[in-house]
Amino acid sequence: MRYDIKRGNTVIANIRPTGKITSRIMGEELVNMSFALVRKIEFAMGDYVDVKGRRYYLLDSPTIVQKSTKEWQYTLTFKSVKYRLTDVSMLFYDELNNLTVPTFDIMGTAEKMIDLVITNANRDQSGWTKGIIDNTETKLVSFDDINCLSALAKIADEFKLEYWIDADQSIHFTERKPQANITLEYGRNKGLKTLTQTPLADASIVTRLYVKGSDKNLPIKYRNGQKNLRMDVPYLEKNVDKYGVIEHTETFDDIYPHRIGTVTSVDANNPFVFTDNTIDFDLNATDGHGNTTVLIKGLSAKVTFQTGQLAGYILEIKEYGYNSQTKTFTLLPNKEEKAWNIPSDVIRPAVGDTYILSDIQMPAQYVADEEGKLKIKGQNYLDLNSTQRFTYTGESDPLLFKALNYQLSLGSMIRLKSVEFSLDSDVRITGLTEDLQNPYDVQPDFSDVTYTSSIVRQFYKQEKQQQTIIKEQKYNA
Numbered sequence: 120m121r122y123d124i125k126r127g128n129t130v131i132a133n134i135r136p137t138g139k140i141t142s143r144i145m146g147e148e149l150v151n152m153s154f155a156l157v158r159k160i161e162f163a164m165g166d167y168v169d170v171k172g173r174r175y176y177l178l179d180s181p182t183i184v185q186k187s188t189k190e191w192q193y194t195l196t197f198k199s200v201k202y203r204l205t206d207v208s209m210l211f212y213d214e215l216n217n218l219t220v221p222t223f224d225i226m227g228t229a230e231k232m233i234d235l236v237i238t239n240a241n242r243d244q245s246g247w248t249k250g251i252i253d254n255t256e257t258k259l260v261s262f263d264d265i266n267c268l269s270a271l272a273k274i275a276d277e278f279k280l281e282y283w284i285d286a287d288q289s290i291h292f293t294e295r296k297p298q299a300n301i302t303l304e305y306g307r308n309k310g311l312k313t314l315t316q317t318p319l320a321d322a323s324i325v326t327r328l329y330v331k332g333s334d335k336n337l338p339i340k341y342r343n344g345q346k347n348l349r350m351d352v353p354y355l356e357k358n359v360d361k362y363g364v365i366e367h368t369e370t371f372d373d374i375y376p377h378r379i380g381t382v383t384s385v386d387a388n389n390p391f392v393f394t395d396n397t398i399d400f401d402l403n404a405t406d407g408h409g410n411t412t413v414l415i416k417g418l419s420a421k422v423t424f425q426t427g428q429l430a431g432y433i434l435e436i437k438e439y440g441y442n443s444q445t446k447t448f449t450l451l452p453n454k455e456e457k458a459w460n461i462p463s464d465v466i467r468p469a470v471g472d473t474y475i476l477s478d479i480q481m482p483a484q485y486v487a488d489e490e491g492k493l494k495i496k497g498q499n500y501l502d503l504n505s506t507q508r509f510t511y512t513g514e515s516d517p518l519l520f521k522a523l524n525y526q527l528s529l530g531s532m533i534r535l536k537s538v539e540f541s542l543d544s545d546v547r548i549t550g551l552t553e554d555l556q557n558p559y560d561v562q563p564d565f566s567d568v569t570y571t572s573s574i575v576r577q578f579y580k581q582e583k584q585q586q587t588i589i590k591e592q593k594y595n596a
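For the record, in the sequence shown the residue sitting at position 222 is 341 according to the numbering used here, with numbers rising by one throughout.
In short, the hints are calculated from the structure, not lab data.
All C-beta atoms in this analysis are idealised placements derived from N, C-alpha and C, irrespective of residue type, glycine included.
There may be inaccurate statements among the hints.
[Claimed, not checked] Computed spacing ranges between beta-carbons, pair by pair: (1) G471 x R174: 41 to 49 Å; (2) N410 x K279: 37 to 45 Å; (3) I495 x D213: 41 to 49 Å; (4) I183 x I365: 51 to 59 Å; (5) F162 x A522: 37 to 45 Å; (6) V470 x D321: 43 to 51 Å.
[Said to hold, decoys possible] Calculated lysine-lysine pairs in the DSSO-like style (CA-CA distance at most 30 Å, straight line): (7) K258 x K494; (8) K340 x K492; (9) K521 x K139; (10) K171 x K309; (11) K279 x K258; (12) K331 x K492; (13) K421 x K340; (14) K279 x K335; (15) K309 x K296; (16) K273 x K249; (17) K201 x K231; (18) K437 x K231; (19) K201 x K279; (20) K125 x K186; (21) K357 x K331; (22) K340 x K437; (23) K296 x K536; (24) K139 x K536; (25) K421 x K346; (26) K492 x K258; (27) K171 x K125; (28) K416 x K446.
My request is simple: use the sequences and hints to build the entire structure.
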C-alpha cells in the first residue's frame with residue numbers, strides 16, 4: 120500500500136513504508152513510517168499524510184540515515200490533529216474581555232469549559248468545533264498555564280469523562296462504547312495468536328475502605344466534630360479473607376448535602392432578585408434559643424447557578440436577603456467579575472434556571488440522603504478495587520481476521536475468552552496498533568478502565584519543566 124506525503128496540495132513523496140498506526144483512548148494517535156528513497160528530501164513541519172481517513176501531521180524532525188549516494192533511509196512520526204492543541208495556551212478573559220490570563224479558576228459544566236477550549240484553539244488555528252458533550256454538574260476547576268490538550272485531559276479527569284477528537288476537529292466528551300459482536304480467544308482459528316495478561320498499573324487492592332465526602336453544607340456540630348461527610352458505618356470491607364486487611368481512604372468531594380433548586384419567578388425590574396416557591400426549608404430557621412439552624416453566623420450564604428445565563432457564577436445572598444414568606448432571594452453583585460456587571464439587566468436569573476445553595480447547614484434529611492449516596496459510591500469503589508485487575512494485549516491472526524472481515528475500532532466492546540486466564544467477559548478496546556500494509560495485522564489492548572495516558576501527562580510535565588527553567592533564568596538574571 121502506497122501513501123502520499125504532502126505539503127499543501129503538493130505531493131512531496133509517494134512511498135510504500137513499513138510501520139504502525141497507534142491509537143489509544145485519550146492517548147497516542149501516531150503513524151510511524153520507515154522507508155528508503157533514492158534521493159534526499161527535506162521534509163518540513165506541517166507536511167502530512169492521510170491514513171484510514173484521518174490526517175496526520177509531521178510535527179518533529181525525521182531521523183535520516185544516508186546508506187549511499189542513492190539510498191536515504193527515513194523514519195518519520197506523524198501525529199493526529201489533536202496534537203496541534205499543544206501549540207495553543209488555555210487562557211481566560213482579562214478586564215478588557217481578551218484571552219490573556221493563563222492562571223484562573225472557572226466554575227461551570229464540562230460543556231462550558233470545552234467552549235473555552237474551542238475559543239482558545241480558534242484564536243490562532245481554525246476549524247475546531249464542539250461535538251457531543253455529556254451533561255454534567257457544575258464544578259470549580261483550576262487551570263495553571265497549560266496548553267489546550269492538557270486542558271482537555273484535566274476536564275476529562277475532573278468530570279470523569281472521556282474525550283475524543285474526530286478527523287473534522289470536532290471535540291467530543293462522551294464515551295464511545297459500541298458493541299462489535301466479535302468474540303476473540305487465544306488459539307488456532309479463534310482470532311488471537313497471543314494473549315498477554317498484565318496487572319493494571321497504579322491499581323492497588325483495597326479490602327477495607329474508609330470513605331469521606333465533601334466538607335460543604337454540614338451542620339456545625341456534625342458527627343461530634345467530623346469535618347467531612349461520613350457514612351453511617353466506620354468502614355466497608357470486602358475480600359479480607361482472601362487478601363487480608365488492606366486499608367485505604369477515598370474522598371468523594373462531589374458528595375455533600377445539597378438541593379438543586381429552580382427559579383420559579385423573577386423581578387423584571389431587579390436582576391438581583393428571584394423566587395423559588397418549591398424550596399422545602401427556611402433559610403431563616405432558628406432553634407428554641409434563637410440560634411440559626413441553616414445560616415452560619417459570620418458567613419454569607421451563596422447561590423451557585425447551574426444553568427442559564429448565570430451558570431457557573433457564585434453570588435452571595437444579601438444579609439437578611441431571604442424572605443421566608445415569599446421564598447424570595449436578594450443577591451449581591453459578583454465581586455470577582457471585572458469584565459462586566461453580574462447580575463445585570465442582560466445577564467440575570469430566568470425562570471427555569473437551576474441553582475445550589477452553599478455555605479449553609481443543610482437540614483438533617485438532606486445530610487442523611489447524601490450519607491447514603493456516599494456509602495453506595497464507596498461500595499462501588501470497593502467492588503471494583505477489592506480484587507486484582509488486569510489489562511490484556513492480543514496479537515491478531517491476520518488470515519482469520521481477513522476471512523471474517525473483522526474490523527476493530529477504538530472504544531468498542533468485544534467478548535474476550537481465555538480458559539487459562541479464567542476470562543470470559545465483555546471487554547473494551549482501549550488501544551490499537553495496526554500495520555500500515557496489512558489492516559488485518561492488529562494488536563488490540565483490552566481493559567475495563569481508561570485514563571489520560573502518558574502522552575498528555577508528558578506534555579504537562581514538559582510544560583512545568585519549561586516554566587521552572589524560565590523562573591530560574593529570571594532569578595539568576
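Pairwise hint evaluation, K296 against K309, where the allowed Cα distance is 30 Å at most:
holds (23 Å)
May I ask you to test the hint 43 to 51 Å on the CB atoms belonging to V470 and D321?
The hint (43 to 51 Å, Cβ to Cβ) holds, given that V470 and D321 are roughly 47 Å apart.
Are K273 and K249 close enough, with their CA atoms no more than 30 Å apart?
holds (17 Å)
Take a quick look at whether K139 and K536 sit within 30 Å of each other, Cα to Cα.
holds (26 Å)
Within a Cα-Cα threshold of 30 Å, do K492 and K258 meet the stated pairing?
Holds: K492 and K258 sit about 19 Å apart, inside 30 Å.
Pairwise beta carbon distance, I495 to D213, judged against the given window 41 to 49 Å:
holds (43 Å)
Holds or violated: K357 to K331, with C-alpha atoms at most 30 Å apart:
holds (18 Å)
CA of K421 to CA of K346, is that 30 Å or under?
Holds: K421 and K346 sit about 20 Å apart, inside 30 Å.
Tell me if the straight-line CA distance from K340 to K437 falls inside 30 Å.
holds (25 Å)
Between N410 and K279, does the beta-carbon spacing fit 37 to 45 Å?
holds (39 Å)
Holds or violated: K331 to K492, with C-alpha atoms at most 30 Å apart
holds (11 Å)
Keeping to a limit of 30 Å between CA atoms, is the pair of K279 and K335 held or broken?
Cα-Cα ~21 Å, so holds.
The structure agrees with every numbered hint stated previously.
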